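Participant: Two chains, two frames, a set of hints: combine them into the complex.
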Amino acid sequence: MHIEYLVKMANDIAAFFHAQSGPDAPREIAGHIRRFWDPRMRRQIIDHGAAGGEGLVPEAKQAIALLAKPAA
Amino acid sequence: MYAMNYEDLGTPETEGAPVTLEIDGATVTVPAGTSIMRAAALADTKIPKLCATDSLKAFGSCRLCLVEIEGRKDFPASCTTTVAPGMKVRTQSTQLDKLRRGVMELYLSDYPIERDPTAAEARTELRAMAKAVGVTSTPYDGGQRHSGQPKDESNPYFTFDPDLCIVCSRCVRACDETQGTLALTVQGRGFASKISASQDEPFINSECVSCGACVEACPTAALSEKNFLSIGKPERAVTTTCAYCGVGCSLVAELKDDTVVRMVPDRNGLANSGHACVKGRFAYGYATHPDRITTPMIRKSITDPWREVSWDEAIEYAASEFKRIQAKYGRDSIGGITSSRCTNEETYLVQKLVHAAFGNNNVDTCARVCHSPTGYGLKSTIGESAGTQAFVSVAKADVICIIGANPTEGHPVFGSRLKRRLRAGAKLIIIDPRATELVRTPHITADFHLQLRPGTNVAVLNAMAHVVVSEGLTREQFIAERCDRASYAQWKAFVSDPSNSPEATESVTGVPAETLRAAARAYGKAGNGAIYYGLGVTEHSQGSTAVMGIANLAMATGNYGREGVGVSPLRGQNNVQGSCDMGSFPHEFTAYRHVSDDKVRGEFAADWGVKLESEPGLRIPNMFEAALDGTFKGMYIQGEDLAQSDPNTQHVTAALGSLECMVIQDLFLNETAKFAHVFFPGSSFLEKDGTFTNAERRVSRVRKAIEPIAGLADWEVTVKLSNALGYPMHYKDAGEILDEIARLTPTFKGISFKKIDELGSVQWPCNDEAPDGTPTMHVNRFVRGEGRFLVTEYVATSERVNSKFPLLLTTGRILSQYNVGAQTRRTDNVVWHSEDRLEIHPHDAETRGIRDGDWVGIASRAGDTVLRATVTDRVQPGVVYTTFHFPESGANVVTTDNSDWATNCPEYKVTAVQVTRVQHPSDWQVRYREFSKRTTRRERVPAGTPSS
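In order, the protein sequences belong to chains Z and F. The working numbering applies: residue 1 is where the first sequence begins, and numbers increase by one. The working numbering applies: residue 73 is where the second sequence begins, and numbers increase by one.
Keep in mind that the hints were calculated from the coordinates and are not lab data. Just to be clear, a hint being listed does not mean it is correct.
To be verified - Derived Cβ-Cβ restraints for the label pairs, each shown as a range:
no.	chain 1	residue 1	chain 2	residue 2	range
1	F	S686	Z	I3	17 to 27 Å
2	Z	D24	F	D669	15 to 25 Å
3	Z	P23	F	R512	18 to 28 Å
4	Z	D24	F	V851	30 to 40 Å
5	F	P878	Z	D24	33 to 43 Å
6	Z	G22	F	E918	45 to 55 Å
All figures in this text were calculated on a predicted structure; none of them were measured in a lab. All C-beta atoms, glycine included, are put in the ideal place defined by N, C-alpha and C.
Chain F extracted, bound-state conformation (with noise of 0.2 Å):
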């Protein structure tokens, strides 16, 4: 069912010149090509309906919904007649309501509505309208029923009761259109259909990706929550955004007193047009979940149990254990890291507070091991550190071309906007050492899948720009508009060197000449060419070489400025876009700007009064080898975890466990909580106000639905620790931060919350030449003026195979869980995947004696650990493959320290790997649960005893 208070349209908005009809005798205006239905709801005339919902295309089948039309014989479906100039329709009369009545006298003929409703079935569509068609029981009593089938409840978060299915269809075309999986159908014909899953197997054992769209098109309660039929009727409802990946879905948190009944995608949305994942719409359940700490906790060493205190405590303590290490061992001895899951109010409050309370800029972000080589290489070629579009520009594009993302695991619901363009007929390039799921899904075939060997991006882009170049394929009006002449012909130049040519970099990349020739012409002969990117392009020794490759190769083809084109970095965690944006990089302040720019450090030093550094700060893995050689002593980590999600774990944990000092804000007492001294407990996206900025550029609301847990939004942690340290600090609410962010910040200056509670969302720059936001950037002009194409010469990473370590390993994510799995694995997406598992090809399993299931050691340069074998083809020979969700899998123990070129980005895409069948788990994971058994002792606390 929809969130509460949505008012369901019928039918999905059109695009046309106006038309003008007359609907019981009022005047409508609607777009040629809306139905009648829809044309009736916008004049607030509801025509009564079952299987018309206005996310899914009409189909008129459940024929409750006719009207008359004057002039017109019978009674048309309003579901899938659409208006048309000067028509008359009534969509009430005697003949009508009966008509209605019968119709739904037969709907009820097969649904128990004689029975108490649960809370879901009371606020159904079906009883919402047989009240309307004035039923409220059926003559055909006694008549065949399908009563008694068994309910299916395999999924963990919703349950189907085929007794209340009246087969309208509905979660067919959902999971068909909304999310393009086609898991369901209509089995069996006549009184025998009914809807079943994959070849009629339980849910979770079929093609379902649980998305939930099926649930909410439902219109009986047949698919229902789980938590709406044990918790009960939600009695409010707030709407905010996501907090798990880059597409920020705008959600609508229904509750009862304070516990979430269910969560549902808002129609309104326009980053998800009403559409989620199973981490969005099911796995919120971590906020409540009892390893949740919510009391601050203190201790002087890491081999000591962890001691309950109050907040006040906690805050002055860390704050004189900050003072004391800096008094010892200078100013610049400590720092601090901002997190992509926490709001922007929340990373610039404490990037402010390493400039203006540490009195240094050692500040970084967790997107530092992501996409910090799409902000160097994209700022170097076109100008801003960020994508270029709005996700439905998509649904414009002639040719898309995926590279190392995995979009419909990774940001499932791009990838279903890209599943409905596929199907509609853009031809699809992936560029992936592996065979990810649009290499071939039901009804979409890439057209061209190359398998590139993992570290060899950039030889694949160049070879794409040399025959996009020699074959005359160059948009030479729109460089010489647009683009900086010389270094247009100097690349030109370098990509045109035979060097370059497919044929020439086949033996390096693996991938034929001929088929990457054919897709170059692809993307160099479409009207409209759109490039979306992820990990695999960023995690490399080369990554910002790769990023400036698919800037040039863009401006190359003129792929940029309108909708249906240009350069889209997908990005991983939720607010990886606004973490980098409020100014979290060492050698940053907001917007990007330099520290060592003396205007714009002088704006930041008059608004927060204080003389603030102009040399650049730390970056994270520099953190690290300034904590081995002793001349960084103290840390300020909020909300990440360093020593799971960061490569060549054992150096991490080393350098963590070297500080004197080390303050952790978080949900859970992670990886990197043991090494803290001490803990202040976090707040969930549920307990806090703020915005979170999507890969597309979109500033969203993040709206309390709770009261923080242990007390304090994570804002209010940061503002009290910085007034310990004698930084005073004084905002009134989340608000007030955005506005001062705004006052700061070119690209932010229209934004308030203000703004985004009138347009629901706001996509910067948002300034006075945009007061309402930027959809497309580059319209006229690169932001940095002229487009400056940049020579990406191929370098091959220092990390080699060889007969020791002759496999490559490269890493990535699931459906089901979310990067360091801190959230995800506590929920039950662990149904799904429960463990990390090594991906090999049969030819490697073969020869290494290895069968599906087995325990297997991957062995590198940096380390070794112990998985289970999935043997699949979906990796090619010589290529295995893993994700890093649970912490005891160890996969960073295995990568290792090699890093992108110009941000430090660490290469977790190539590692060299050895791998065995074993027996038992590596050394690393024997001491890994010592450590973490003598790590995380706490002390108990007496009943009764008050805690502040």
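So that you can see chain Z by itself, here it is in the shape it has in the complex (with noise of 0.2 Å):
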């Protein structure tokens, strides 16, 4: 898939967290992410973090480096 496209994803998903859990927000983004996204696209998005995660908003890159380890 377009990286661009799952970028913004993650980001839209930011957006909701950022305010609604504050410093909790990655957890819950990443929390998200793992609830609904096929593992496809959550691989895609891992490497892409991995790789320094361009255009990710920082709580979203702190999202997808909590999701590249396995959950609790």
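Facilitator: Take a look at the structure:
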């Protein structure tokens, strides 16, 4: 998939949890993505995050880093 | 006339303490306020009547229903006289007989009783009553008559024959009381009295919305369905559920042989209480339209002509292609789409096929593009992905708030209920960029119309919440008892911030702060405040946030858990609720349970005898993206038209065109079928058994009226496909599928065909705790336990106007057409709406040199199309509006890929566009016509060639 498409989705999710969850936002963003994104999309955004995460807002970038770790 | 076999009780049901009286010597007990006529009918005593019917208030004009009451003088009308304790009524006597005969003879003096009746006339109440009172002719022959007047044949579905009219006013009252349009009147006085549509206009040119309530109310066949006149008397009746909008009206299909003569709303129907609209009552002709495809077809390439084949060959070909694709590209390279136009049983089977036979979770449903934010937003806040009320609840609302919905066009029968309540005095708040009918209609003016800029719902809702909180209108006791305290404190602090005040948001929303404050106060102070919303809430980049904002507002004001309040999403299609309930989303099993839940997944795996995936699958827009990047290659689509209904058409069609095998199951060769390789002929709602679940969670029966025209009901096709894929399914009927759903779904545990037949319909949850269903949810506690407030920060959409695209386009629906129009375009409803038009404000039109009816180009960042303009102030300056019922309009060529952050529901409601006057169709429209010709060709089958 186009990475811009996934980056925009991740940033949009981050915008909601930024206001709702404050410092816990990265964990909530990661949880949302884990719950609703198909594994191939998750793999792609994780790879993108690992490569620097261009275009991702800071909280989304932190969330993608959490996503790369196995779910608790 | 009533539906076949319906026993009319004369006047409406009332609620009251029991009253016992005597009628013709028999003791009868009925609620106080009941008419003598109804009490008698309940005791199987039929009093002759003409102007009375139990769907309308008593009128007392025909004088046929006179009775005698012991101790009272004269002969009171039994329809307008209510029962009293100890009353003794006589319905038969020599004097009554004489009076009734005299009345009937007068009626017949101006009625052609002598002529051979048509099938419709033969079944009229007038003739039945004449027979009942023993009158077959009139002694007043030779008197003046209203004979020889021209019929009004202007409406495509019914005719008005003034020669048969007795001016009883039932049609006028039906238009007033049942429909609420007030299009009819009695014009003139005395002998000159006549029924008139609007200002004595032909019906088609009048304000009549063709709901047919007047036709059903008519006791003489002066108003009569044209089909009744042309086809003849129906011989049998089947009670089923309408296949159009989310109101889910119960209808009685009356048939002669296998032809539907007419469709009559079921007066016992709990969703519609005996009413219907122009679509449900009249627009069923698509089911037998010549465009129906009734033979399976296949082709190797979408540029090949379609080749008709047997069911077995089509099924085998589809299965072999799906197997080939999975072998080549992997198990996750295919998926399926369920339909909100199909039954619960059919959608359940499609998602089961994807989970069990495809072996992945790539299933989604068309609710993705309409109400998926409702599911997410309501689940997150109150714990259940569904509306909280029954439709009848609106009758107890004091303040009604309609947000982003147009019920009188999109949900007409509920719209009529709303009008009744509003005319009885409820206050009305409308939050909509456009002036919908309810903003101002006879005897209704919205108390507040918050005409916001498209895309600013969340800011408006936050501002309303700000007023409620800052002005002390919260119901603290309700919140303390029912809601999560910490979430409330966080939310309260958020909405209290001055940045959320009406004054601060006015420049963003365009809503004057004073108006917004007044509206918020009205809702906050309401005894019962009810919110109804539609796609104007969900189809935004913040669709889910807006749903949460609505849920928050209702929690803060204590508006849950009783009649007259609540949060009610109005669902666009008949089975949106059901298709969502049935596990059609790629992360869920039935009843919204996540696929990662080991216990739930284990239950399904055990029942289905197969290992199931624990990871979410692809959503529809994700499928398109995956198709374009080459990892998604095959789709099974039941009853959906993604190529017309989904946004950014060129993107969608590029994705569909890249598939190696698309299997489509539909009534017609729709837009999506142009990209298909296998076509399974679908069955209409008349041709199958099953259930639909409407917007109030009401599960109603769909009953087969005729055999499937293509030989198989839709669920049978899915079973065959699954079997061919190597995952056997065995059901003897749709009832067995529902039994399996009930076995695996806690909210459906008590639902079966038998239960529905007993109760008429049932609202889920239906289980051990609620064996007869649940009309009102969250009564003593929220489904999730404590209601959870969520912070709903307004985030402006990235779709912005600029000098190149200075206007905002928003889209919607109109009364006579339905969704992509595949059904209604193939009926006479095109008389009212034969093309999509672009509504533009006079100021915007003038600066562009556009006049009403001109062709205009609409260009966005996604694409451009051409429509004709309607210049109107229903839209505000800076906003344009269109519908998407006709594929050649290309409304979705213009809409973009923007979508809701939580669910990917597309942002249909906000597209920045430029509008210019043009002379030619758009390039896309030219390409569309050429492509359509190429991709819909069918091989000619030589005469005499057998088909299986």
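Participant: Hints first: check each against the structure and report whether it holds.
Facilitator: Taking the hints in turn, this is what the structure says about them:
no.: 1; hint: S686/F - I3/Z: 17 to 27 Å; verdict: holds (26 Å)
no.: 2; hint: D24/Z - D669/F: 15 to 25 Å; verdict: holds (23 Å)
no.: 3; hint: P23/Z - R512/F: 18 to 28 Å; verdict: violated (49 Å)
no.: 4; hint: D24/Z - V851/F: 30 to 40 Å; verdict: holds (33 Å)
no.: 5; hint: P878/F - D24/Z: 33 to 43 Å; verdict: holds (41 Å)
no.: 6; hint: G22/Z - E918/F: 45 to 55 Å; verdict: holds (49 Å)
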